[in-house]
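Using the sequences and the hints given, assemble the complete structure.
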Amino acid sequence: MPQDNKQDIKAIIFQLNDEEFAISVQQVSGIERMQHITRVPQTASFVKGVINLRGVVTPIIDLRKRFGLDAAEFTDSTRMIIVYMDEMEVGLIVDAAYDVIDIPEEAVEPAPEVVGAVDVDYIEGVAKLEDRLLILLNLNNVLTDEEVRALKTVEG
Amino acid sequence: METNEYLEVFIDESKEHIQSLNDHLLELEKNPSDLTMVNEIFRSAHTLKGMSATMGYQDLADLTHKMENVLDAVRNQQLMVTTAILDVVFEAVDQLEEMVLDIASGGEGRKDVVRLVEQLNAIERGEALSEDGSNTAAPISESDQQSPSNLASTLDEFEMTVLRESNDQGYQNLELHITLREDCLLKAARVFMVFEILEQSGEVIKSAPTVQDLEEEKFEQSFTVLLVTKEKAEEIEKKVMKVSEIESVKVQKFSIEQRPSQSDTSADTTKATEEKGATAIAEAPVKQEKDTAKKAPVSNKTIRVNIDRLDALMNLFEELVIDRGRLEQIADSLKHIELQETVERMTRISGDLQNIILNMRMVPIDQVFNRFPRMVRQLAKDLGKQINLEIEGAETELDRTVIDEIGDPLVHLIRNALDHGIELPDVREQKGKPREGSLKLNAYHSGNHVFIEISDDGAGINREKVINKAVSNGVITNDQAENLTEKQVYQLIMESGFSTADKISDVSGRGVGLDVVKNTIESLGGNITIDSAFEKGSVFSIQLPLTLSIISVMLVEIKEEKYAVPLSSIIETAVIKKSNIMSAHNKKVIDFRGKVVPLIDLQDVFEVPGEKLDDEYCSVVIIRKGEKMAGLIVDTFIGQQEVVLKSLGNYLTDVFAISGATILGDGQVALIIDSNSLIV
Numbered sequence: 001m002p003q004d005n006k007q008d009i010k011a012i013i014f015q016l017n018d019e020e021f022a023i024s025v026q027q028v029s030g031i032e033r034m035q036h037i038t039r040v041p042q043t044a045s046f047v048k049g050v051i052n053l054r055g056v057v058t059p060i061i062d063l064r065k066r067f068g069l070d071a072a073e074f075t076d077s078t079r080m081i082i083v084y085m086d087e088m089e090v091g092l093i094v095d096a097a098y099d100v101i102d103i104p105e106e107a108v109e110p111a112p113e114v115v116g117a118v119d120v121d122y123i124e125g126v127a128k129l130e131d132r133l134l135i136l137l138n139l140n141n142v143l144t145d146e147e148v149r150a151l152k153t154v155e156g
Numbered sequence: 157m158e159t160n161e162y163l164e165v166f167i168d169e170s171k172e173h174i175q176s177l178n179d180h181l182l183e184l185e186k187n188p189s190d191l192t193m194v195n196e197i198f199r200s201a202h203t204l205k206g207m208s209a210t211m212g213y214q215d216l217a218d219l220t221h222k223m224e225n226v227l228d229a230v231r232n233q234q235l236m237v238t239t240a241i242l243d244v245v246f247e248a249v250d251q252l253e254e255m256v257l258d259i260a261s262g263g264e265g266r267k268d269v270v271r272l273v274e275q276l277n278a279i280e281r282g283e284a285l286s287e288d289g290s291n292t293a294a295p296i297s298e299s300d301q302q303s304p305s306n307l308a309s310t311l312d313e314f315e316m317t318v319l320r321e322s323n324d325q326g327y328q329n330l331e332l333h334i335t336l337r338e339d340c341l342l343k344a345a346r347v348f349m350v351f352e353i354l355e356q357s358g359e360v361i362k363s364a365p366t367v368q369d370l371e372e373e374k375f376e377q378s379f380t381v382l383l384v385t386k387e388k389a390e391e392i393e394k395k396v397m398k399v400s401e402i403e404s405v406k407v408q409k410f411s412i413e414q415r416p417s418q419s420d421t422s423a424d425t426t427k428a429t430e431e432k433g434a435t436a437i438a439e440a441p442v443k444q445e446k447d448t449a450k451k452a453p454v455s456n457k458t459i460r461v462n463i464d465r466l467d468a469l470m471n472l473f474e475e476l477v478i479d480r481g482r483l484e485q486i487a488d489s490l491k492h493i494e495l496q497e498t499v500e501r502m503t504r505i506s507g508d509l510q511n512i513i514l515n516m517r518m519v520p521i522d523q524v525f526n527r528f529p530r531m532v533r534q535l536a537k538d539l540g541k542q543i544n545l546e547i548e549g550a551e552t553e554l555d556r557t558v559i560d561e562i563g564d565p566l567v568h569l570i571r572n573a574l575d576h577g578i579e580l581p582d583v584r585e586q587k588g589k590p591r592e593g594s595l596k597l598n599a600y601h602s603g604n605h606v607f608i609e610i611s612d613d614g615a616g617i618n619r620e621k622v623i624n625k626a627v628s629n630g631v632i633t634n635d636q637a638e639n640l641t642e643k644q645v646y647q648l649i650m651e652s653g654f655s656t657a658d659k660i661s662d663v664s665g666r667g668v669g670l671d672v673v674k675n676t677i678e679s680l681g682g683n684i685t686i687d688s689a690f691e692k693g694s695v696f697s698i699q700l701p702l703t704l705s706i707i708s709v710m711l712v713e714i715k716e717e718k719y720a721v722p723l724s725s726i727i728e729t730a731v732i733k734k735s736n737i738m739s740a741h742n743k744k745v746i747d748f749r750g751k752v753v754p755l756i757d758l759q760d761v762f763e764v765p766g767e768k769l770d771d772e773y774c775s776v777v778i779i780r781k782g783e784k785m786a787g788l789i790v791d792t793f794i795g796q797q798e799v800v801l802k803s804l805g806n807y808l809t810d811v812f813a814i815s816g817a818t819i820l821g822d823g824q825v826a827l828i829i830d831s832n833s834l835i836v
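Chains as they are written, first to last, in the working numbering: chain R, 1 to 156; chain C, 157 to 836.
Hints should not be assumed to be uniformly reliable.
To be verified - Okay, the calculated bits of chain C under chain R, using three or more residues with CB under 8 Å as the criterion: (1) 801–807; (2) 823–834.
Said to hold, decoys possible - Cut-off 27 Å, straight-line C-alpha distance, at most; resulting in silico cross-link-like pairs (BS3-like, lysine-lysine): (3) C:LYS374 <-> C:LYS267; (4) C:LYS718 <-> C:LYS781; (5) C:LYS733 <-> C:LYS768; (6) R:LYS65 <-> C:LYS718; (7) R:LYS65 <-> C:LYS715; (8) C:LYS784 <-> C:LYS718.
Claimed, not checked - Restraint ranges, calculated between C-beta atoms of paired labels, are given here: (9) R:ARG33 <-> C:THR498: 26 to 36 Å; (10) C:ASP479 <-> R:ILE31: 21 to 31 Å; (11) R:ILE31 <-> C:HIS492: 35 to 45 Å; (12) R:ARG33 <-> C:SER833: 33 to 43 Å.
For the record, the hints were derived by calculation from the structure and aren't laboratory data.
From the three backbone atoms N, C-alpha and C, an ideal C-beta is built for every residue, glycine too.
Now the structure itself:
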C-alpha cells in the first residue's frame with residue numbers, strides 16, 4: 001500500500017450481474033466458497049439462511065435478491081463475502097469476487113440521484129477508474145432493516 | 157507509568173475490597189462493639205488506598221484516606237459507631253464503587269466528593285473535640301513526626317496493632333531498605349514493581365517516603381518499606397532483586413520496640429501489650445518456618461482467570477464436541493472395530509472434560525446475592541420499613557452466563573417485595589405481626605436446575621385487586637376472571653403493563669414491570685411462579701437451567717431439513733395413525749392419553765419446500781409449555797443428542813419459533829425449535 005496517499009480506499013471488487021461493486025477491505029473478514037446453507041424459515045426473502053463458518057453460525061444474504069435482481073444459478077465462481085460491522089457478521093452471496101484494488105479518493109463521486117426507479121441508499125458512491133465503473137456499497141444500509149422497510153413501502 | 161496490564165487486577169481486587177467493606181460494615185452495624193470487624197474494614201480500606209495511589213487514581217485514594225481516618229477513630233474508640241456515621245461511610249463506599257466502575261469502563265475514576273469528604277472530616281473533628289486528650293496515640297505520632305526517616309516512629313495505632321498481631325497469626329514483620337541504582341530511569345516504575353512483588357508476598361504496612369511521594373518520584377535513591385509476610389527474609393530479598401535497576405535490598409526483622417520514645421510515654425497497658433508482642437517476635441522465627449512449609453502450597457490453590465479465556469476454552473471445546481459427533485458418525489458407518497473403540501474412549505474422555513469445563517465456569521450465586529444486604533438496608537431506610545434479610549444457599553453454583561443475567565431480575569423482585577409486599581412497621585403491628593418484616597432469599601440445586609426463592613411475610617397478593625386491575629386493563633374479561641385459579645391470578649401480575657401499586661413510588665414504578673423479569677427468566681430457559689397467601693406473604697420461585705451452552709435435544713427431520721427440539725420441553729414421541737387425527741374448530745387434534753392435544757404441522761409452520769408425505773402413520777413429538785401441550789408433526793425422528801447452543805448472530809435476532817442453532821456432526825447447521833412460542 002502506498003504510504004504517500006493515505007486517502008486511498010483498499011477495496012474488494014465483486015461482480016453482480018454485469019456490474020462491479022466495491023466494499024472496503026476493512027469491513028471484509030473473508031471470502032468463502034459456497035457450501036450448504038441451512039434455510040431459516042420466516043425471515044426476509046433475501047435471507048438465504050445460515051452457514052457454519054468455522055464454528056460460528058453466520059447468516060447469509062442473497063445480494064441479488066437484496067438488490068432486486070433476477071435470481072441466478074450458483075456457479076463455481078459464486079462466492080460468499082463475509083462482512084463484519086456493528087457486531088454483525090453476515091455473508092453476502094455474489095456472482096464472483098476477484099480483485100483487491102486501491103481506489104483513490106478523488107475518483108469517488110456521490111451516487112447518481114436516480115439509480116433505476118428506486119432511490120437506493122445502500123450506494124455510497126461511484127468510482128471511475130480508467131475504463132471501469134465501481135459501485136461503492138454502504139454496508140450499513142445493506143444490512144439494516146431501514147432499507148428493508150423502505151423497500152416494502154415501495155413495493156406497496 | 158505503564159499500568160495497563162495491572163488495571164484488570166486492580167479493578168478485580170478493588171471490587172473485592174469494596175464488597176468486603178460493604179459486608180463488614182453491615183456486620184459492624186449489627187455489632188457496633190465488634191472491633192475485629194473494624195480491623196477488617198480498615199484493612200480493606202487501607203489496601204484499597206494503597207492500590208489506587210499506586211495506580212495513580214488520586215480521588216479514589218483521597219476518599220479512602222478520609223474514610224480510613226474515620227474508621228481509625230472508631231477503632232481507637234474515640235468514636236461510637238452510629239447509624240449516622242455508617243450512613244456516611246456507606247455513601248463513601250458507594251462513591252468508591254462508582255469510581256472503580258468508572259475506571260473499569262475506561263474512565264479516570266474522578267468524582268466530586270467534596271461534600272462527602274467534608275462530612276467525613278466533620279465526623280472525625282467532632283470526635284476529636286469531645287475526647288480531647290484522652291487518647292495517647294495521636295500526640296505520640298505527632299511528636300515523632302520530627303524524625304520521619306525512622307519508619308517505626310510514624311506508625312499509627314492501627315498499624316501498630318497489625319504489627320503486634322501479625323506474630324500471633326504466624327506472620328513476621330520485615331523492614332526492607334531498598335536502594336535503586338543511580339542510573340535508574342523510571343524510578344516510580346521500579347517502585348511499582350517492587351510493591352507488586354511485596355504485595356504478592358504479604359502486606360505493605362508502611363513506606364518511607366509515603367506511597368504518594370514514591371509515586372511522584374519525590375525521593376532520592378532509596379526507600380524503606382514495612383512488610384508483614386509469611387515468607388522468609390531471604391526469599392523476599394531474592395524476589396525484589398529480580399527487578400532490574402535495583403542496587404541493593406536490605407531486609408531485617410522489624411521490631412516495634414525500636415520505637416525510641418514509645419516505652420516511656422505510652423500508657424502502661426500499651427507497654428504491656430508491646431512487651432507481649434516483642435516476646436512473640438522472638439519466638440516467631442522457629443514457628444514461622446514450620447508454618448510456611450505447611451501452608452504455602454495451600455494458599456496458592458486458586459488462580460484468577462479472565463472470563464474471556466474461559467469462554468474461548470468453551471468455544472474450542474464446542475468445536476471438539478462437534479467433531480466428536482462427526483467421528484461417531486464416521487465410525488458407525490465404517491463399522492471399524494478399533495476406530496469405534498477409540499471414538500468411544502474419546503467420547504468418554506471428552507464427556508469428562510466437558511464436565512470439568514462446565515464446572516470451571518460455575519460461580520457461587522453469592523456473587524449476585526452479596527450486594528443485596530446493602531441494597532435492602534438502603535431500601536428499608538428509604539421506605540421507612542424494618543426488614544430482616546436472610547440468605548440461604550449462597551454457595552449454590554450456577555454457570556457464569558446465568559449469573560450475569562439473573563442479577564437484575566432478582567433486584568427487581570426484591571424491590572417489589574420490599575415496596576409492595578412488606579408493610580410499614582405500624583401496619584404490621586396492627587395486624588399482629590412483628591414490626592420487623594422478614595425477607596428470605598434461598599437458592600438450591602435440584603436435578604438439572606437451580607431454584608431461587610424470594611419469600612416475604614408481607615401483605616401477600618390481593619386477588620380481588622389483581623382481578624379488578626386486569627379487567628380494567630383489558631388483560632382478561634369478567635367471565636374469565638371468575639374461573640381463574642389462584643396461581644393463574646398471580647401470574648397476571650407478570651403480564652405487561654401491569655402494576656398493582658396504587659401510587660408510583662420512588663422504588664418501583666420505574667416503567668419496568670414484572671413482565672420484564674418474566675421475559676428475562678424465560679429467555680434464559682427458566683420460569684417463574686408465584687405463590688401467595690393474603691396477609692401472610694408471597695413466594696416468588698425461579699427455576700433456571702444450570703448451564704445455557706450445552707443442551708440435550710431430539711433431532712427431527714422435515715423433508716431435507718433437520719431441526720432440534722429441546723428435550724426439556726418434550727413429553728414423549730409417538731407414531732399415530734392418520735385416521736386417529738380428529739378435527740376441532742378446524743384444527744387438527746389427537747387424543748393423547750385422554751387429553752385433547754392440538755397438532756402443529758412443522759412443514760407448514762416453517763414453510764419447508766417439498767411434497768407432503770402421504771403416509772398412513774405420522775410421527776409426532778409431544779411438547780409442553782406449563783400445563784399446555786401440543787404435538788409437532790415431523791417426517792422422521794433422528795435421535796437424541798447433546799448439542800452446543802449457538803445464536804443466530806446479531807443480524808437474525810427475532811426469528812419466529814427458532815431459539816438458536818447448532819452445528820451437527822456433518823458440519824451443517826440445524827435450527828433449534830423454540831417450542832414455547834409454538835404453544836399459544
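So, going through the hints one by one against the coordinates:
Coverage of the segment 801–807 of chain C by chain R holds. Counting CB-CB distances below 8 Å, 6 residues qualify, and the rule asks for three or more. Against chain R, the segment 823–834 of chain C contributes 5 residues with a C-beta closer than 8 Å to a partner C-beta. That satisfies the three-residue criterion, and the hint holds. A threshold of 27 Å between alpha carbons decides the hint, and for LYS374 (chain C) with LYS267 (chain C) the separation of about 26 Å falls inside it, so the pair holds. Between LYS718 (chain C) and LYS781 (chain C), the direct Cα distance comes to roughly 22 Å. Compliance with the 27 Å bound is thereby established for this hinted pair.
With a C-alpha separation of about 16 Å, the suggested pair LYS733 (chain C) and LYS768 (chain C) falls inside the 27 Å cut-off, and the hint holds. At most 27 Å may separate the alpha-carbon atoms for a hinted pair to count; LYS65 (chain R) and LYS718 (chain C) meet this at roughly 25 Å. Only pairs whose Cα atoms come within 27 Å are accepted, and LYS65 (chain R) paired with LYS715 (chain C) is accepted, the gap being roughly 25 Å. Between LYS784 (chain C) and LYS718 (chain C) the CA atoms are separated by roughly 25 Å; this keeps the pair inside 27 Å, and the hint holds.
Our hint of 26 to 36 Å for ARG33 (chain R) and THR498 (chain C) holds, since their Cβ atoms are close to 32 Å apart. Between ASP479 (chain C) and ILE31 (chain R) the beta carbons are some 24 Å apart, a value that agrees with the proposed interval 21 to 31 Å. The hinted window of 35 to 45 Å between ILE31 (chain R) and HIS492 (chain C) holds, with their beta carbons roughly 37 Å apart. At roughly 35 Å, the beta-carbon separation of ARG33 (chain R) and SER833 (chain C) lies within the given 33 to 43 Å, and the hint holds.
Of the numbered hints given earlier, the model fails none.
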